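2 protein chains.
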Amino acid sequence: MAGKAVAAAVMVNGSVAEKEVLAEIGGATNPMVTPLLTDLYQFTMAYAYWKAGKHQDRAVFDLYFRKNPFGGEYAVFAGLEECIRFVANFKLEEEEISFLRSIMPMCEDGFFDYLREVDCSNVEVYAVPEGSVVFPKVPLMRVEGPVSIVQLLETPFVNLVNYASLVTTNAARHRLVAGKSKTLLEFGLRRAQGPDGGMSASKYCYIGGFDATSNVAAGKLFGIPLRGTHSHAFVSSFMSPDEILDRALLSHDGSSTCKDFVRLVQSWLSKLQRTGLLRGVFGETNQSELAAFTSYALAFPNDFLALVDTYDVMKSGIPNFCAVALALNDLGYKARGIRLDSGDLAYLSFEARNIFHAIEKEFNVAGFGKMTVTASNDLNEETLDALNKQGHEVDAFGIGTNLVTCYAQPALGCVFKLVEINNQPRIKLSEDVTKVSIPCKKRIFRLYGREGYALVDIMTGENEPPPTVGERILCRHPFSESKRAYVVPQHVEELLKCYWLGNSSKRREELPSLEKIRARCMQQLEQMRPDHMRRLNPTPYKVSVSGKLYDFIHFLWLSEAPVGELQ
Amino acid sequence: MAGKAVAAAVMVNGSVAEKEVLAEIGGATNPMVTPLLTDLYQFTMAYAYWKAGKHQDRAVFDLYFRKNPFGGEYAVFAGLEECIRFVANFKLEEEEISFLRSIMPMCEDGFFDYLREVDCSNVEVYAVPEGSVVFPKVPLMRVEGPVSIVQLLETPFVNLVNYASLVTTNAARHRLVAGKSKTLLEFGLRRAQGPDGGMSASKYCYIGGFDATSNVAAGKLFGIPLRGTHSHAFVSSFMSPDEILDRALLSHDGSSTCKDFVRLVQSWLSKLQRTGLLRGVFGETNQSELAAFTSYALAFPNDFLALVDTYDVMKSGIPNFCAVALALNDLGYKARGIRLDSGDLAYLSFEARNIFHAIEKEFNVAGFGKMTVTASNDLNEETLDALNKQGHEVDAFGIGTNLVTCYAQPALGCVFKLVEINNQPRIKLSEDVTKVSIPCKKRIFRLYGREGYALVDIMTGENEPPPTVGERILCRHPFSESKRAYVVPQHVEELLKCYWLGNSSKRREELPSLEKIRARCMQQLEQMRPDHMRRLNPTPYKVSVSGKLYDFIHFLWLSEAPVGELQ
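Going line by line, the protein sequences match chains A and B.
The working numbering puts the last residue of the first sequence at 567; the count rises by one with no breaks.
The working numbering puts the last residue of the second sequence at 567; the count rises by one with no breaks.
I should point out that these hints are in silico values taken from the structure, not numbers from a laboratory.
None of these values were measured; they are calculated from a predicted model.
Be aware that one or more of the hints could be misleading.
Since the list gives no way to pick one copy over another, a pair counts as held whenever it fits inside one copy or between any two copies.
[Said to hold, decoys possible] Calculated cross-link-like contacts (lysine-lysine; reagent style DSS-like; alpha-carbon spacing at most 25 Å):
| id | residue 1 | residue 2 |
| --- | --- | --- |
| 1 | K220 | K137 |
| 2 | K271 | K182 |
| 3 | K428 | K389 |
| 4 | K91 | K220 |
| 5 | K441 | K483 |
| 6 | K497 | K542 |
Please take these sequences and the hints and turn them into a complete structure.
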């Protein structure tokens with residue numbers, strides 16, 4: 001499908017350079033994302049526009065959200081690349097047109113001829129760079145083009161941006177509370193909304209600051225680092241070390257072979273039990289677990305990381321793990337560490353750390369005390385915060401359900417509103433003032449203060465002079481008359497950039513790599529004043545309009561009010 | 001990909017009949033769902049099993065959930081068809097193996113040769129029929145096969161079942177509260193977890209009892225009825241009726257043409273304003289809206305349904321709608337009705353209904369009073385319930401965000417636990433008793449009472465005699481000694497049926513059509529005692545084990561407890 005669409009776009013334009021641009025953008029398109037991935041009413045409206053001869057009317061739509069998610073005062077914008085890919089490949093296949101004809105049999109043939117020609121060569125897409133910190137009411141994207149085509153884009157754009165931005169924001173919030181030094185692993189595939197929900201989750205959690213995913217397909221498609229060791233089932237699938245047949249292990253430097261690694265492990269276990277280092281631990285450790293750990297170490301001597309809570313962390317998991325790790329150490333390998341998937345993670349991480357340190361000292365094993373402790377089990381922003389407050393020895397967190405389902409708030413309400421048609425500004429009124437749209441084709445600027453932090457976002461009419469460094473500008477709340485302030489910016493950043501300019505690739509921003517988007521997100525989070533970003537009682541960031549735009553909004557508002565009615 | 005996998009499976013088996021079965025199952029596979037759509041640890045474990053020579057060990061895993069979602073006492077099982085398709089197509093492509101080799105460079109070549117041969121010809125999948133009402137702890141699926149292969153299936157199976165079952169359950173709950181007579185429309189595409197989240201939502205909401213979707217791609221792929229009319233943007237894209245150039249409309253019977261439909265509408269509007277039927281409405285209605293409605297009616301004279309809340313429902317939307325509907329009526333067309341997307345839906349629906357009835361009487365327009373009132377705007381189970389209690393005149397509900405994101409509980413915690421390996425039963429213990437797994441390869445029976453309602457589900461060991469109609473059987477709580485009861489079933493249904501039997505298609509259940517799955521779901525909801533299904537304080541349905549299985553669980557439990565420790 002991508003291939004065909006590229007060819008079609010090239011036919012229109014004909015240049016080789018253009019072909020390359022489109023081919024590049026058209027890269028790894030999700031085959032689910034066809035022009036039919038939209039609400040039926042976008043097609044019924046397209047027909048009504050076409051019947052009325054209005055389908056070529058030039059419309060401007062803003063895509064924005066109304067309220068920050070997760071009780072916070074910011075969000076992170078994501079999903080742009082997929083929107084641009086969608087636009088670049090936008091072309092109805094013949095069989096798709098046949099399907100539309102079958103469900104809209106009342107429509108005239110000419111309409112389907114029109115649909116056959118439809119593409120995005122007259123569409124323009126302006127957007128905030130992907131990975132930016134963004135705020136309510138400020139357009140994340142401005143989409144211009146023939147009204148019928150731009151409306152066909154509404155549902156897929158909102159679909160592609162909504163969850164992407166929500167889960168990126170969720171990931172960023174987890175990163176902020178975990179701190180920079182911790183490793184964050186996304187383990188959510190099994191709890192996501194189906195296969196593609198899992199793929200999107202892995203991609204956008206990475207952008208939001210996670211370090212790796214367990215999702216192999218996402219690792220392959222997006223180049224995200226992969227992580228994973230073994231599960232409880234692996235542990236209970238073993239009965240005892242007697243099952244292990246091939247017991248030989250070559251030493252790390254290749255100089256010698258341990259013929260019976262199982263026996264070496266067992267001798268270390270006895271030694272550990274004799275030392276008294278494992279306070280309170282007596283009796284036997286679980287033999288299934290010992291066999292599973294030994295087996296895993298034989299397979300991955302350089303990557304031995306064990307899940308230690310299948311039976312009892314302190315009485316079985318830790319002693320078994322340490323015995324295997326010490327046996328590996330004899331052969332020159334360094335074990336990675338443990339994963340805890342239940343229980344009191346703060347307490348267990350401290351206990352494990354203490355034992356690791358004691359062993360380092362007792363047996364003079366350099367680095368044993370610093371082994372990685374990974375924690376999983378229904379973690380979320382709140383539990384990370386609680387762990388921090390309590391103190392813990394966890395180095396890495398594996399987070400699944402709460403991260404990818406955005407359990408704390410599973411939807412971001414992005415909307416797509418008409419703000420201008422045929423150069424006429426349009427406003428959508430509502431009895432609920434937070435639902436009133438901000439009319440006009442706008443420019444958006446972020447004004448920075450002396451300390452380098454962002455102070456305010458300001459929306460202006462398209463033809464107003466832009467804010468200037470060092471010059472005072474009036475920033476007004478879009479709807480509340482009393483809220484206004486003068487700001488003297490030290491730096492001005494225009495937020496909306498052109499990512500799609502119909503057939504022309506001139507002046508079009510490049511789509512950055514995943515790594516660059518992630519880097520932008522990390523940098524943006526740092527450029528915000530910390531009080532906007534904190535978990536508890538964050539300060540709202542100010543979003544404003546110019547004085548001129550304010551006056552115009554309120555003029556339009558009055559003119560649209562029903563006659564004879566106080567609105 | 002599907003094609004290749006079928007060919008590979010056929011090579012193993014060779015029969016033409018088999019090829020057809022596989023080709024059929026392999027039908028519309030989601031291209032996202034490849035064997036790499038799994039957690040990395042499934043591959044690292046596969047390697048460890050392979051290294052230990054354990055990879056062919058015959059394992060039995062149960063897939064089940066632990067707690068009913070949405071504060072209810074039931075769930076609906078869905079996602080089975082996609083699991084079976086996945087199994088039928090399970091084959092690693094050469095480039096996928098190359099990728100695995102690149103991320104697991106420490107693994108021996110022989111392992112990748114092994115992966116190259118891996119398929120599901122030795123796997124068996126038993127499952128509760130899709131669309132069944134199901135309960136915690138009872139296996140929804142039992143998967144048997146070589147341990148390394150069955151573990152590779154864990155993540156995709158849980159991914160495919162978790163959200164599918166959750167959103168089907170959510171849809172079923174909405175259907176139960178809305179009642180049979182209402183039309184339920186799924187409008188969630190823009191708020192779902194990406195494109196495939198939207199596709200899954202449409203499919204499974206239909207199974208759970210919704211009547212139609214707005215998602216065109218889902219309509220095409222699954223044959224689900226489609227619904228949709230127009231948005232607020234359509235209304236505000238018009239300035240005034242002067243814009244409408246082609247004003248002619250052929251009458252419904254084709255006998256005459258109204259040359260200026262716009263004028264006919266306007267004359268009806270004046271007539272309405274003079275009658276006083278529109279109590280309290282004076283002054284002008286909104287001209288953008290009037291133009292949009294007129295235009296939409298010109299495009300869809302047989303399907304005129306208008307969104308009436310862009311400006312003011314009672315002062316503009318309803319009068320404009322009625323004028324257009326009456327003009328259509330003059331030409332022999334019947335308008336469909338209105339959609340309300342804001343405000344007090346109960347009140348507005350009553351007001352609209354009153355006006356429709358008054359117009360039917362005043363102008364003698366048969367059926368005008370019965371026009372459809374559709375409501376949307378952030379609806380959920382709770383608001384439907386509140387509307388019912390308050391009384392309303394809504395015929396159809398359009399539900400999006402809360403439905404598809406499962407806002408009230410966005411995750412179902414399906415797990416996949418080892419219950420037997422090489423004929424040895426395995427149990428997963430936990431300090432939390434709700435997390436203890438029920439060991440052994442089991443059979444599951446649903447016992448029905450005299451009134452036709454299901455009484456209890458009972459799990460038995462594989463080789464126990466099954467429950468018999470009219471014979472008393474002891475049903476025990478799996479973990480609580482004191483909870484037990486004798487039941488005399490009037491009807492016994494074995495729940496787990498074979499859906500995949502390796503290479504053989506013998507004794508394998510057919511995969512039913514979407515319509516049949518939906519019908520099963522609707523029928524199952526009726527077969528449950530209403531007190532299990534009610535919203536408020538539902539009665540828990542009983543899930544039990546046989547006396548023999550109870551004894552065995554507790555024997556195993558004791559034998560796994562750490563030595564010298566009271567667990």
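Evaluated hints:
1. Within a single copy, K220 and K137 get their C-alpha atoms no closer than 36 Å, and across copies no closer than 35 Å, so neither meets the 25 Å cut-off.
2. For the identical chains of this complex, K271 and K182 are neighbours neither inside a copy (33 Å) nor across copies (72 Å), given an alpha-carbon limit of 25 Å.
3. With identical chains, the CA atoms of K428 and K389 are never at most 25 Å apart, being 46 Å at best within one copy and 32 Å at best between copies.
4. Taking identical chains as interchangeable, the C-alpha atoms of K91 and K220 lie at most 25 Å apart only when they sit on different chains, with a minimum of 17 Å there against 27 Å within one chain.
5. For the homomeric pair K441 and K483, the shortest alpha-carbon distance inside one copy (23 Å) is at most 25 Å, but the shortest distance between copies (68 Å) is not.
6. For the homomeric pair K497 and K542, the shortest alpha-carbon distance inside one copy (21 Å) is at most 25 Å, but the shortest distance between copies (59 Å) is not.
Of the hints listed earlier, those the structure fails to meet are numbers 1, 2, 3, in rising order.
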